[in-house]
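Chain by chain, the residues run as shown.
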Amino acid sequence: MEKTRVSRRAFTKGLALGLGAAAVPAGAAAFDWEAFLQKRFREMSEEEVARTIRRLERDAARRWKKEIRISAAKAMPGVVFGYGLDLSKCIGCRRCVYACVEENNQSRNPQVQWISVLRFRKDEKWSDLEGAERYYEPPAVPEPGFFYLPVGCQLCEKSPCIKVCPTGATWREPDGIVVVDYNWCIGCRYCMAACPFGARRFNWAEPTIPEGEVNPDTHYLGNRPRPKGVVEKCTLCIHRVRAGRYPACVEACPVGARKFGNLLDPGSEIRYLLDHKRVFRLKEDLNTRPKFFYFFSA
Amino acid sequence: MSTMATTERPPTMVSVFLAAAWRVFKGDLRYYGWLAVLLALIGLGVSRYVTQLERGLITTAMRDQVSWGFYIANFTFLVGIAAAAVLLVIPAYLYQFKPIREIVLFGEMVAITAVVMCSLFIMVDLGQPARFWHLLPVIGVMNFPSSLFIWDMFALSGYLVINAILVLYALWRLSTGKEYRLAFIFPLIVLSIPWAVSIHTITAFLYNGLPSRPFWNASILAPRFLASAFCSGPALMLIVLQVIRRFSAVEIENKALFKIAELVAYTMGVNFLLLTAEIFKEFYSGSVHMAPLEYLYFGLGEHGRLVPWIWEATAFNLIAFLIFLVPRLRERLLFLNVGAVLIVLGVYVEKGVGLIVPGFIPDTLGEIYEYWPTPSEGIIAAGIWAAGALLFTLMVKFTVPIYTGEIRAGRARVAEPSDRTPGALAASDAETGRT
Numbered sequence: 000m001e002k003t004r005v006s007r008r009a010f011t012k013g014l015a016l017g018l019g020a021a022a023v024p025a026g027a028a029a030f031d032w033e034a035f036l037q038k039r040f041r042e043m044s045e046e047e048v049a050r051t052i053r054r055l056e057r058d059a060a061r062r063w064k065k066e067i068r069i070s071a072a073k074a075m076p077g078v079v080f081g082y083g084l085d086l087s088k089c090i091g092c093r094r095c096v097y098a099c100v101e102e103n104n105q106s107r108n109p110q111v112q113w114i115s116v117l118r119f120r121k122d123e124k125w126s127d128l129e130g131a132e133r134y135y136e137p138p139a140v141p142e143p144g145f146f147y148l149p150v151g152c153q154l155c156e157k158s159p160c161i162k163v164c165p166t167g168a169t170w171r172e173p174d175g176i177v178v179v180d181y182n183w184c185i186g187c188r189y190c191m192a193a194c195p196f197g198a199r200r201f202n203w204a205e206p207t208i209p210e211g212e213v214n215p216d217t218h219y220l221g222n223r224p225r226p227k228g229v230v231e232k233c234t235l236c237i238h239r240v241r242a243g244r245y246p247a248c249v250e251a252c253p254v255g256a257r258k259f260g261n262l263l264d265p266g267s268e269i270r271y272l273l274d275h276k277r278v279f280r281l282k283e284d285l286n287t288r289p290k291f292f293y294f295f296s297a
Numbered sequence: 000m001s002t003m004a005t006t007e008r009p010p011t012m013v014s015v016f017l018a019a020a021w022r023v024f025k026g027d028l029r030y031y032g033w034l035a036v037l038l039a040l041i042g043l044g045v046s047r048y049v050t051q052l053e054r055g056l057i058t059t060a061m062r063d064q065v066s067w068g069f070y071i072a073n074f075t076f077l078v079g080i081a082a083a084a085v086l087l088v089i090p091a092y093l094y095q096f097k098p099i100r101e102i103v104l105f106g107e108m109v110a111i112t113a114v115v116m117c118s119l120f121i122m123v124d125l126g127q128p129a130r131f132w133h134l135l136p137v138i139g140v141m142n143f144p145s146s147l148f149i150w151d152m153f154a155l156s157g158y159l160v161i162n163a164i165l166v167l168y169a170l171w172r173l174s175t176g177k178e179y180r181l182a183f184i185f186p187l188i189v190l191s192i193p194w195a196v197s198i199h200t201i202t203a204f205l206y207n208g209l210p211s212r213p214f215w216n217a218s219i220l221a222p223r224f225l226a227s228a229f230c231s232g233p234a235l236m237l238i239v240l241q242v243i244r245r246f247s248a249v250e251i252e253n254k255a256l257f258k259i260a261e262l263v264a265y266t267m268g269v270n271f272l273l274l275t276a277e278i279f280k281e282f283y284s285g286s287v288h289m290a291p292l293e294y295l296y297f298g299l300g301e302h303g304r305l306v307p308w309i310w311e312a313t314a315f316n317l318i319a320f321l322i323f324l325v326p327r328l329r330e331r332l333l334f335l336n337v338g339a340v341l342i343v344l345g346v347y348v349e350k351g352v353g354l355i356v357p358g359f360i361p362d363t364l365g366e367i368y369e370y371w372p373t374p375s376e377g378i379i380a381a382g383i384w385a386a387g388a389l390l391f392t393l394m395v396k397f398t399v400p401i402y403t404g405e406i407r408a409g410r411a412r413v414a415e416p417s418d419r420t421p422g423a424l425a426a427s428d429a430e431t432g433r434t
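In order, the protein sequence lines correspond to chains A and B. When we follow numbering that gives the first Met the number 0, the leftmost residue of the first sequence carries the number 0, and every step to the right adds one. When we follow numbering that gives the first Met the number 0, the leftmost residue of the second sequence carries the number 0, and every step to the right adds one.
Treat the hints with caution; some may be incorrect.
Said to hold, decoys possible - Per label pair, the in silico range of CB-to-CB distance:
1) A:Y97 to B:I367: 18 to 26 Å
2) A:A71 to B:G268: 35 to 43 Å
3) B:P193 to A:E268: 52 to 60 Å
4) B:L38 to A:N286: 49 to 57 Å
5) B:N336 to A:K124: 24 to 32 Å
6) B:P210 to A:A71: 29 to 37 Å
7) B:L317 to A:P143: 38 to 46 Å
8) A:F30 to B:V160: 47 to 55 Å
9) B:R54 to A:E268: 17 to 25 Å
10) B:F153 to A:G144: 49 to 57 Å
Said to hold, decoys possible - Straight line, CA to CA, 30 Å or less: simulated DSS-like cross-link-like pairs of lysine-lysine:
11) A:K38 to A:K65
12) A:K124 to B:K280
13) A:K157 to B:K280
None of these hints come from the bench; they were simulated from the model. All C-beta atoms, glycine included, are put in the ideal place defined by N, C-alpha and C.
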């Protein structure tokens with residue numbers, strides 16, 4: 000059994016909660032008080048963050064039989080991320096979906112995917128998303144007569160998900176990334192009801208990842224392995240983009256349909272796109288002001 | 000007001016409460032049988048819940064597409080039931096209708112039970128229930144005023160406190176054989192009326208404020224919610240009151256029941272009007288936003304799991320409306336009871352699964368996932384209903400002997416059956432009148 004060190008403050012907090020008996024599952028001698036009493040990420044001091052990460056890394060290593068590194072890298076100053084997607088180019092291959100799953104340690108069973116690729120007939124209405132097909136399985140893509148629209152987190156400026164979260168377990172970082180504190184989320188799924196883009200996923204069961212396939216390069220607010228019973232979502236590969244790299248989906252796209260960059264940098268590709276293409280955003284009538292821009296290059 | 004403190008004798012009140020508590024464990028075979036059934040259901044529910052805790056909410060039929068289901072549906076319906084108290088309070092205190100005034104106490108206990116059940120349904124729906132302390136003031140983080148979830152927590156717990164105080168006050172006065180001093184609790188009674196309206200409004204706003212779900216994002220949702228709550232709560236009261244009357248010495252006049260039924264007739268009329276407005280708007284304008292309503296009433300393509308249920312509920316509500324509308328029908332207990340049961344069942348479907356599930360169908364990306372609760376969800380829900388029934392039974396069992404004056408302070412512990420003075424509350428009310 001792991002000996003856990005509980006500070007006096009945390010201990011009295013636990014007593015005050017009066018949850019002692021109720022919270023300890025029968026027979027579970029190793030109830031992790033430190034995890035139970037863990038504060039919200041935003042309220043932690045640097046020192047508490049470091050200590051929490053050490054514990055989480057230790058637990059993750061035991062669970063996944065692999066050394067997992069959890070970063071708490073902060074947003075870079077002067078950076079707000081934006082995303083562009085060229086609907087003329089997308090061929091619906093879903094390589095982005097699977098690259099995302101591997102990069103971000105999504106559960107393989109039950110299957111969790113942050114990106115949904117929707118297929119539409121070219122001669123039918125599509126922009127209300129009502130006739131979308133998510134489960135197309137053709138022998139080859141692209142299929143004649145169809146086009147594809149990948150949807151993930153739309154990086155809303157006025158995020159309905161953040162607004163409704165009762166515990167403030169999800170928020171927008173200074174660089175525009177909407178993150179979830181997996182240790183603070185109570186799993187009420189109000190955010191899932193609120194999200195107009197189906198971007199949020201719930202861990203209905205304990206996530207499973209085949210041994211050896213766990214990506215050890217993780218971020219606290221991103222792709223670190225999640226427990227069951229919490230909500231997760233696209234974070235633009237926060238562990239990569241804060242280290243100056245592209246999100247995995249951008250790199251995986253074989254046709255270059257995915258564009259990414261700093262909206263505050265006039266020389267960035269995303270700014271070029273906004274200046275030179277006619278872009279649109281999904282469900283603009285809802286006024287959530289996404290920073291995920293779709294366009295047709297041809 | 001000045002007599003308040005002078006005549007009370009706390010030790011005797013305590014002994015009355017103890018005597019009443021002791022009586023909770025005594026009853027005939029039917030009583031023990033009823034408790035055994037409830038305990039068995041609770042046990043089953045708990046065992047299924049333990050499995051759900053271990054395996055996660057995958058034991059339910061909820062998925063990312065339909066992320067709320069049977070639990071939240073029951074929660075929503077029960078918020079409506081909590082209105083029971085207030086529809087009794089209005090005629091009793093604002094219009095001085097004495098026959099109902101005597102039974103408000105039981106309405107308040109139904110409200111308490113319903114709110115407790117609401118919180119249980121929320122708890123079983125959480126993915127991380129041990130973290131519920133994150134929701135609490137001071138030690139947690141309340142996303143207030145932004146999240147309607149927090150508003151609803153305040154509204155429901157406040158309603159619980161108000162009703163608990165009213166019940167405890169009444170019991171205290173009764174146990175010491177003193178008058179029910181209206182002046183003291185009148186402000187609380189008046190407060191409970193807008194408060195009951197607020198629990199429905201805020202619960203409706205919880206869904207209403209989501210533009211991602213056009214089915215809920217209609218401004219008529221909150222009024223509809225209120226109207227149906229004022230149908231189902233009092234209808235349930237009609238049944239509960241007759242059960243109490245049958246199995247205890249409590250006297251409840253038919254006049255009170257008929258007055259409640261009359262009020263239900265009006266609220267049902269309003270409920271139908273609002274439903275019609277909603278249906279007209281959606282189907283006549285015919286935008287894509289009518290898809291959820293179409294799914295509910297007619298099905299979308301081959302998907303129509305809820306269609307027979309909603310029509311059944313509609314038929315139930317219509318029949319009950321007709322029964323309650325005609326005085327000669329609603330004033331015959333057989334018809335009254337049939338009508339009350341039909342309303343409870345009808346609203347249970349309409350304001351339960353019929354309100355929650357279509358909100359997610361089709362989902363925000365146009366996908367249709369047909370939700371139907373798993374046996375596990377059903378058993379856990381049954382366990383919570385049994386827990387509610389148990390709580391209410393015990394509360395009534397505790398209250399009745401105090402209420403009828405069977406046990407009273409100043410007398411030798413438990414009185415003989417012949418000593419009963421039914422309607423003690425009424426008598427003391429008559430003495431004081433309204434202060």
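To see whether the hints hold, each was checked on the structure:
Judged by the Cβ atoms, the range 18 to 26 Å given for Y97 (chain A) and I367 (chain B) holds: they are separated by roughly 25 Å. The supplied range of 35 to 43 Å is broken by A71 (chain A) and G268 (chain B), whose beta-carbon atoms lie about 60 Å from each other. The beta-carbon spacing between P193 (chain B) and E268 (chain A), approximately 56 Å, falls within the hinted interval of 52 to 60 Å. The hint said 49 to 57 Å for the Cβ distance between L38 (chain B) and N286 (chain A), and at roughly 52 Å that hint holds.
The hint said 24 to 32 Å for the Cβ distance between N336 (chain B) and K124 (chain A), and at roughly 51 Å that hint is violated. Between P210 (chain B) and A71 (chain A) the beta carbon distance is about 34 Å. The supplied range of 29 to 37 Å therefore holds. For the hinted restraint 38 to 46 Å between L317 (chain B) and P143 (chain A), the CB-CB distance of approximately 52 Å leaves it violated. Between F30 (chain A) and V160 (chain B) the beta carbon distance is about 32 Å. The supplied range of 47 to 55 Å is therefore violated.
For R54 (chain B) paired with E268 (chain A), a C-beta distance near 45 Å fails the hint of 17 to 25 Å. At about 54 Å, the CB distance of F153 (chain B) to G144 (chain A) agrees with the hint of 49 to 57 Å. The straight-line distance between the Cα atoms of K38 (chain A) and K65 (chain A) is roughly 26 Å, inside the 30 Å bound, and the hint therefore holds. In summary, the hint linking K124 (chain A) to K280 (chain B) is supported, as the alpha carbons are separated by about 23 Å, within the 30 Å threshold.
Using a Cα cut-off of 30 Å, the hinted pair K157 (chain A) and K280 (chain B) holds, with the two alpha carbons roughly 29 Å apart.
Of the numbered hints stated above, those contradicted by the structure are hints 2, 5, 7, 8 and 9, listed in ascending order.
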